Amino acid sequence: MATKYNLPASISLQRKIVNKLMTVLVIIAVALAIIPLILILGDVFMRGAPALSIGFLARAQNPLHVSSGGIANAIVGTFTMVGIAALISVPIGIGAGIFFSEWSNSKLSTFSGFMNDVLTGFPSIVLGLFVYVIIVLPSKQFSAFAGGIALSFVMLPIIARTTGESLKLVPMTLREASLALGIPRWKTVLRIVISTGKNGLLTGILLAVARATGETAPILLTASTSIYFAKSIFQPTASMTVLIYNYATSPYPSQQTQAWGAALVLILIMLALNLLVKLTVGRKIKGARMYA
Amino acid sequence: MRFRLLRGDVILKILLAAAALFVIGTVVGLAVELFLGSAPSLFKFGPSFLVGSKWQPSNNVFGAWPFIYGTLVTSAIAIVIGFPVSLGIAIFISEKLKSHQTFGYMLGTIVDLLAAVPSVIYGLWGVFVLIPLLKDYVEKPLNKSLGFISLFSGHPFGYDFFTAGIILAIMIIPTMSAVTRDVLSVVPNSQREAMYSLGATDWEVTQKSVLPYARSGIFGGFILGLGRAFGETMAVTMVIGNIPSVSSSLFSPGATLSSIIANQFGESTGVFQGALIELGLILFFVAVLINGLARILLWRMTRGKEIKA
Amino acid sequence: MLGGTIKISKNKNFDSTTAKLSTKDLKANFGKVQVLKGINLSFPENQVTAIMGPSGCGKTTLIRCLNRIHELTPNAKVEGEVTLDGVNIYSPQVDPVAIRRRIGMVFQKANPFPTMSIFENTIAGLKLAGVRNKETLDQVAERSLRMAFLWDEVKDDLKKSGVDLSGGQQQRLCIARALAVEPEVILMDEPCSALDPIATAKIEESIVALKKEFTIIIVTHNMQQAARVSDFTAFMYLGQLIEFGTTSEVFEKPKSELTEKYITGKFG
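If you read the sequences in order, they're chains A, B and C.
Just so we're aligned, residue 2 is where the first sequence starts under the working numbering, counting upward by one.
Just so we're aligned, residue 56 is where the second sequence starts under the working numbering, counting upward by one.
Just so we're aligned, residue 38 is where the third sequence starts under the working numbering, counting upward by one.
Please keep in mind that the hints were generated in silico from the structure rather than gathered at the bench.
Quantities reported herein were computed from a predicted structural model and do not represent experimental measurements.
Check each hint, because a few of them may be wrong.
What the hints assert, rightly or not - Straight-line Cα separation of at most 20 Å, DMTMM-like style, residue types lysine to aspartate or glutamate; simulated pairs: (1) Lys69/C x Glu108/C; (2) Lys151/B x Glu108/C; (3) Lys114/C x Asp257/B.
What the hints assert, rightly or not - These stretches of chain B come out as covered by chain C in the derived footprint (C-beta under 8 Å, 3 or more residues): (4) 111-124; (5) 281-291.
A virtual CB, placed ideally from N, CA and C, is assigned to each residue, including glycine.
Just need the whole structure built from these sequences, with the hints factored in.
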C-alpha cells in the first residue's frame with residue numbers, strides 16, 4: 002500500500018544483506034575465540050602427554066639428569082602455598098562477604114565492597130611486589146610463606162565477592178522469620194543465612210583456589226624457586242607455574258617437554274576445579290565466573 | 056537475657072567489620088608499601104621518571120616511558136581485536152541463541168574456559184606455537200609487502216608487540232564477552248519487541264535497541280578488559296622480548312610495565328629494584344583507576360539506572 | 038463467525054469475507070501448551086474490535102500472532118492462517134519484518150526507548166524504513182504526536198528523554214511511535230491497564246478518533262472500556278472464540294451462556 006510518505010511495502014535489499022552479514026560476522030567472532038582454545042588445549046595435551054609418568058609426578062627435579070626427574074617438589078610447593086593462602090583468605094573473605102550482604106546499608110560496607118571490586122582481578126605482579134616489600138625484604142628471604150601470603154591477596158577479593166553475592170540471594174523472609182522467632186541476629190546469620198547460601202560460598206572458594214593455583218607472578222617475586230622440596234615454609238620453594246616459566250625459556254628440549262607436562266597437569270587441575278564449580282552451582286550465582 | 060543477645064550481635068559485627076576493613080587496608084597498604092619500596096628511585100628521578108625513555112641498569116639510569124608505551128601499544132592491539140570479537144560472541148549467545156538456551160550456556164562455558172587457562176600456559180604456547188606461526192605466516196609477509204609503513208617495518212623475530220598484543224586479545228576475550236553477555240541478558244524483552252513491532256530486522260533490533268540500552272554496561276566490560284590487558288604479566292613477558300623500546304613498528308621487541316618487572320626483578324638491587332617497584336606503583340594507580348571506573352559503569356547498568364519509568 | 042454477515046446498523050452490514058484482517062483456524066503453542074485452539078475471527082476495517090476474556094484465555098497470544106510477534110518467543114509455534122487484505126501473512130513468501138510495519142502494536146506496559154528523545158522515539162520506525170528527509174520526519178512526528186493526543190504536552194521539549202514522562206504520556210508516546218510508520222492495523226494489548234483513570238480516558242479518546250484511518254484491535258479485560266470504545270467485541274475462553282458480534286449485541290443480547298456469565302461477573 003502506497004502511503005503519504007511513500008514508505009516501501011517491503012524492506013530494502015540492503016537491510017536484508019546487512020542482517021545476513023552481521024549474522025555471519027558474529028559467527029566468525031565465536032570461531033575466533035574457540036579456535037585458539039582448541040589449539041592451546043590440544044597442544045598442551047599432545048605435547049604434555051609424553052612427559053607424563055608416575056615418576057614425573059612423584060619425583061623431585063633432578064638437576065643432573067633432567068628427564069629422570071619430575072615435578073613433585075613443584076606440585077607440593079604449589080599446594081602448600083595455595084593452602085597457606087586459603088587459611089588466610091577464606092575466613093577473612095567470607096567474613097567480609099557476610100558483612101557486604103548482611104550489613105549492606107552501612108557506608109563501610111559499600112566502600113569496602115567497592116575496594117574489593119577494585120582488588121578483584123588486580124595485576125597480580127603488583128600484589129607480589131607488595132608482599133616482597135612487607136615480608137621478603139624484612140625477613141631477607143624468599144619463602145613459601147611469603148608466596149602463600151601473596152596468593153591470599155589474589156584469593157581474598159574473589160571469595161569476598163562470591164560470598165556477598167550468594168548471601169544476598171538468600172530471601173529476606175528467611176531472616177525475618179528467624180528474627181521473629183526470637184533467634185538473635187548473630188545466630189541467624191551464622192546458622193541460617195550461611196547454611197542456605199553455602200553452595201555459593203563453596204563456589205567462591207573453589208574459584209579462588211583455581212585462580213591462585215594458576216598464578217605465577219606473585220610467587221615468582223616472593224617464593225622464588227627451588228629444585229628441592231622445601232624443608233619448611235620459611236624457605237623458597239618450587240611451584241608448577243614458576244617451573245613452567247623457567248623450563249619454557251630453557252634451551253634444553255628435555256626441560257621444554259617437562260614444561261608441557263607440567264602444563265598438562267596444571268590444566269587438568271584447573272579443569273577439574275572448574276567442573277566442580279559448574280556442577281555445584283552452575284549459573285545460579287552471579288559472581289560464579291572466572292572473570293569474578 | 057537481652058544483654059546476652061546483644062553481645063553476640065556486637066561481637067559478630069565487629070569481627071565482620073574488621074574483615075571489611077582489612078580489604079580497605081589492603082588497598083591502602085598497597086599504595087603505602089609500593090611508595091616506600093620505590094623510594095630510592097622515586098626520590099632520585101622525581102616526576103621525570105614518567106617520561107624518561109632511558110632504562111640502563113648498569114648506569115643506574117631509569118625511566119618508565121618505554122614501558123608505559125609498551126603497555127599502551129599491546130593493550131591497544133588487544134582491545135582492537137578483542138572487543139569486537141567479544142561483542143560478537145555476546146550478541147551471538149544472547150540474541151541468536153534465544154531458542155537454544157542450553158546450547159548458549161554451553162558455548163558460554165566453553166568461551167569462559169579460555170579464562171581458566173593460566174597466564175604462564177598462554178606464554179608457553181605463545182613461545183612454542185604462536186610465535187613461529189605468526190612470524191612465518193603473518194609478520195614476514197606483512198613486512199615484505201608493507202614494510203615501508205613504519206607499523207610493519209623492521210626485522211620480525213616473533214618476540215614483539217604484535218605477538219604480545221595477539222595473546223592479550225585472546226586472554227581478555229572471555230572477560231569481556233562474559234560481562235557483555237550478562238549485560239545484554241538484562242535488557243528487557245519488551246524493548247526488543249517494541250523495535251520488532253516497528254518492522255526491524257534481527258540485526259536492527261540488536262543495533263538500535265539492545266546495544267544502546269546496554270551501552271554503559273558494555274563500556275564497563277570494555278574497561279574491565281582493558282584493565283586485564285594492562286595487568287597481564289606472564290604471557291606477555293614470555294613473548295615480548297623484554298627490550299625497552301618506543302619503536303613504532305609492531306614487529307619490534309618491547310616491554311610492558313608488568314613484563315619488565317617479572318623479567319628483571321630477580322637480579323635487581325638498590326635503585327634498580329626501587330625503579331622496578333616504582334613501575335609497580337604506576338601500574339597500581341592505573342589498575343585502581345581503570346577497575347574503579349569499570350565497576351562504577353557496571354554497577355549503574357545492573358542497578359537499572361538506565362530506566363526511570 | 039466466519040462466513041456470516043453481521044448487522045452493524047440499519048444500512049450497513051459487515052461481511053466477514055471482506056474483512057481487513059482475519060484468522061483461519063489459528064492455533065498457537067508455547068512448547069507443549071496449546072494456548073489457541075483454532076480461532077476463526079474477522080476484524081472489520083476502520084472499526085475498533087475489542088477482545089475480551091478471563092485471564093489465560095489466550096487473548097494476548099492471539100494479537101501477538103496477528104503481527105507475528107508470538108513466534109519470536111523461544112519454543113513458540115503458530116499454525117493456521119492470518120489474512121491481511123486477502124494475503125496470508127504466514128505464507129513463506131511474506132517477510133515478517135515487512136508485515137510488522139503494516140500491523141503495529143502498543144504493549145501493555147509502555148516501553149519507550151530510554152536512550153532516545155521523544156522525537157527520536159516517535160520517528161524510530163521511519164528511520165528504520167530509511168526515511169532521512171528532515172522535513173518529512175518533523176511533519177510525521179508532529180502528526181503522529183497529535184493523533185496520539187500528546188503533541189500539546191510535549192511540543193516545547195521534544196528533545197527530552199522518552200522516559201522522562203509520566204506513565205500515561207509514555208504510553209501515548211508509544212502510540213505515536215506506532216502511528217508514525219502508518220500501519221493499517223493497530224494492535225493494543227491492554228494499553229491502559231497500568232494507568233490511572235485520567236490517562237486512560239485520554240487514550241480511549243484517541244482510540245475512538247484513530248479508527249477513521251486505522252483498524253484497531255484492542256485486548257482488554259475491562260468490560261466498561263470495551264463498551265466505551267469498541268464497535269465490535271470478541272469473547273474468548275480457554276483458547277477458543279466463544280462469541281463475536283457488535284458490542285451492543287454482545288453486551289445486551291449475548292448468544293452464548295458463557296458470554297452472559299462473564300458479562301454479568303459470574304466469573305472472570
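Exercise. What hints, given by number in increasing order, does this structure fail?
Worked result: 4 and 5
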